[in-house]
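These are the residues of each chain, in order.
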Amino acid sequence: MTGDEDADAVFLAEAADLQAAIERNLLNLDDAPDDRGLIDALFRDLHTLKGSGAMFGHAELAHFLHGFETAFEALRAPGGRAGAALIRVALTACDQIGALLADPVAASPGNGPILEALAAALGGQDAAGSPSGEGWRIVFGLGPDALGLGLNLPALLEELQALAPGRVQVDCDLSELPPLDALNPQAPPIRWTVLIGAPVAREAVDEVFLFLQDQLRLSIEPLGDAPAPVAEEAPDTARATPEKRAAGPGDHATMRVATQRLDEIMDRVGELVIAESRLHDLSQSLRDPTLMAVAEDIRRLASGMRETTMSIRMVPIGNLFGRFRRLVHDLSQQLGKPIEFVSTGGETELDKTVIEVLTDPLVHILRNAADHGLETAEDRVAAGKPRMGTVSLTATHAGAEVHIRIHDDGRGLNDERLRARAIERELLPPGSTVAGPDLYRLIFEPGFSTAATVTELSGRGVGMDVVRSAIQGLRGQIDVDSEPGHGTTVTLRLPLTLAIADGLLVEVGGERYSIPVSAVEECVELPPDLLASEGRSNFLDIRGELVPFLRLADVFQAPGPRSQFQKVVIVSGTNGRVGLVVDRIVSNAQTVIKQLSRVHAGLKAFSGATILGDGKVALILDIGHLISLGRRLEDRVRILEGAA
Amino acid sequence: MQVVTLTLSGETLAVPTRMLHEILEPVPVTRVPRAGRFASGLINVRGAVIPLTDLRVALGMAQAAQDEHTRILVLDVPVAGEATTVAVIADRVLDVTEIDDAAMGDIPEVGMKWPPEFLSGIARTDAGFVILPDLERIYAASLANSTGTPQFEKDL
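These protein sequences, in sequence, are chains A and B.
Under the working numbering, the first residue of the first sequence carries the number 1, and numbering increases by one thereafter.
Under the working numbering, the first residue of the second sequence carries the number 645, and numbering increases by one thereafter.
Honestly, the hints are just simulated from the structure, not real lab data.
All the pointers check out, no bait thrown in.
For each label pair, taking beta carbons as the anchor points, the in silico distance ranges come out as:
#1 B:Val740 - A:Gln595: 24 to 34 Å
#2 B:Lys757 - A:Glu401: 55 to 65 Å
#3 A:Gln595 - B:Ala708: 24 to 34 Å
#4 A:Thr491 - B:Val740: 57 to 67 Å
Counterexamples of contact, computed for chain A against chain B with all Cβ distances above 12 Å:
#5 Glu14
#6 Ala54
#7 Glu73
#8 Leu142
#9 Pro338
#10 Asp438
Some chain A residues near chain B, calculated using beta-carbon distances under 10 Å:
#11 Glu511
#12 Gly608
#13 Thr610
In this text, a Cβ means the ideal position worked out from N, Cα and C, and glycines have one as well.
Turn these sequences into a full structure, and let the hints steer you where they fit.
Written out as structure tokens, the structure is:
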């Protein structure tokens with residue numbers, strides 16, 4: 001990677017942060033339209049982004065931001081107020097920043113209409129675009145770095161001349177020039193006065209000085225008018241920027257690191273953890289006190305190392321909340337439903353890979369909540385509820401998991417309709433009386449949708465099954481709960497990290513397998529009457545509930561001898577429960593998860609592999625797949641019983 | 645072309661050295677249930693989990709028991725367009741040698757012991773015939789039936 005690419009990558013990352021800040025402040029402004037602090041913050045961010053954009057050669061972006069900034073000028077005047085219409089256009093303009101960052105050439109044709117819409121939304125307070133009847137008086141001197149930064153004076157003057165050919169008068173004031181030996185050739189104290197004697201638009205003049213405002217001491221006044229208040233703005237903003245830098249929250253001493261390097265560190269640490277575990281086993285078997293002491297030290301260091309590395313990869317989920325706030329804002333507009341979005345627990349941290357994968361599922365769930373969950377304002381009032389619906393997003397830590405709860409205070413799920421739909425789609429046998437979470441779980445089945453009408457947003461029956469597979473891919477679980485008339489709650493339970501997980505090591509026919517501890521509900525003895533494989537019944541009575549079980553030794557065609565005293569590990573997932581019959585439960589250990597290669601990608605029963613303390617490889621069971629195997633077994637038995 | 649030569653049930657095969665990572669003595673193998681006989685196991689190569697594959701299955705050769713000459717070759721093979729590290733069993737690793745293009749013969753249409761679609765060539769050397777397996781094809785075919793057994797194991 002060259003230095004230029006590096007610098008540009010840093011710029012793009014910073015630009016994305018600034019864009020997010022602008023979006024956040026626009027949304028805040030929507031809630032508090034008179035907040036001067038917010039308006040000032042917006043201006044600072046726009047200005048900073050414009051400056052660094054110009055510096056890194058993003059001319060289209062700088063140009064657009066200049067227009068954005070100028071159009072917003074009217075807001076800074078006393079009594080300026082940001083109406084909802086203006087915020088809406090400004091949010092579009094904010095999106096345009098992202099588009100320009102991604103592909104300036106493709107996105108730039110969108111600039112004009114957005115800037116026009118901004119001006120129109122300001123309702124005639126057109127501070128920027130009006131041509132002056134008389135012309136302009138421009139006075140500028142050189143800033144300390146102007147020549148050093150490559151200011152091309154002749155070109156600048158030529159450009160001004162071109163604004164109104166033949167009617168531009170340039171005066172050069174050399175009166176402050178010191179004797180030659182005292183002169184600083186980098187910043188000579190020369191002042192130019194340019195008089196434009198023609199009705200030229202202010203924008204056109206500003207454009208000439210677009211990238212130069214920080215280099216020049218500049219004032220632009222209309223000829224024959226009272227001095228415009230805008231004129232002194234440039235030095236003001238320039239000063240404000242460093243202040244914001246110093247005071248900005250969360251702006252600690254940080255550096256950006258390529259995520260690939262973090263992944264490499266994580267791999268190394270994973271290997272370290274494995275090597276450490278081998279050392280530990282060795283020291284235990286040799287019983288040499290000196291070795292044991294060293295092994296103990298290494299254990300402590302390795303575990304510290306692992307925690308630090310994992311913490312580096314942790315990102316606060318609040319980074320996503322900003323985007324969701326925008327989503328709910330837009331949904332509220334599109335659906336014509338007043339919606340309040342409440343988010344808590346933004347500081348909760350999750351592995352960056354989890355956050356990345358989580359975005360789309362959360363968007364789906366939020367859309368469903370806004371579109372299907374919440375009633376229209378009229379229905380809500382009729383039901384005695386507040387007009388404004390609430391969608392809340394809560395993130396909390398719970399042990400080695402993070403729980404994300406999305407709640408809406410809408411109409412709740414309709415058991416009758418869900419059951420009817422499930423029977424129609426043959427997900428439930430006719431006459432089924434399943435209710436509660438077991439019934440709600442079915443909304444994640446492919447093609448399942450109870451929406452009477454398909455809207456632009458949701459109701460096509462795609463989406464929720466995608467949500468489930470994404471969450472399962474993260475080794476997470478989904479629970480749905482609902483109360484008629486009071487709303488629906490979707491809870492996502494996710495592991496803190498994808499790289500390391502607690503595994504329950506079990507022995508099956510002489511081979512060892514790892515079961516994700518997060519899926520394990522309990523372990524029970526296999527009742528002696530069920531020991532024989534030929535036994536007809538493949539169900540276990542767990543406190544009155546029948547749970548199907550799989551003899552893993554048979555499923556895996558394990559070659560080794562079976563134990564006389566078999567155990568059943570009950571595991572649960574979003575699609576149900578199943579018992580896994582094993583010979584022995586070996587231990588509970590941290591496992592570093594390795595993906596299976598392409599060669600084995602077709603095997604659904606395993607989600608990955610891990611390396612054990614003795615250096616051998618153990619496969620990690622895919623709980624979701626085994627549960628569906630168990631359910632198929634259940635179905636077969638049901639059919640057999642139906643036939644009998 | 646520089647190749648490493650190895651034997652598999654009495655035949656001599658050659659694999660380009662540019663694919664070769666390293667050659668290992670036999671290590672403990674973890675059986676992968678229901679993965680078929682071609683890619684039946686996983687091994688730990690310095691902290692990485694690598695599939696262990698047996699070219700004898702793809703080429704329709706008899707499998708032999710492991711002895712003191714058995715080696716494992718770690719190779720980088722493009723599998724479905726993605727560079728993948730795989731391990732291959734060899735009854736014995738012979739030599740690193742040069743095969744020039746002039747020694748390369750066409751694959752006869754008939755009278756072949758091995759499936760011709762899995763060979764990229766046969767070379768005549770001083771020591772006799774050397775088979776060049778088409779590894780990319782073999783691994784691609786092993787994925788063809790992603791639910792379990794590769795195509796070429798069906799008739800075995």
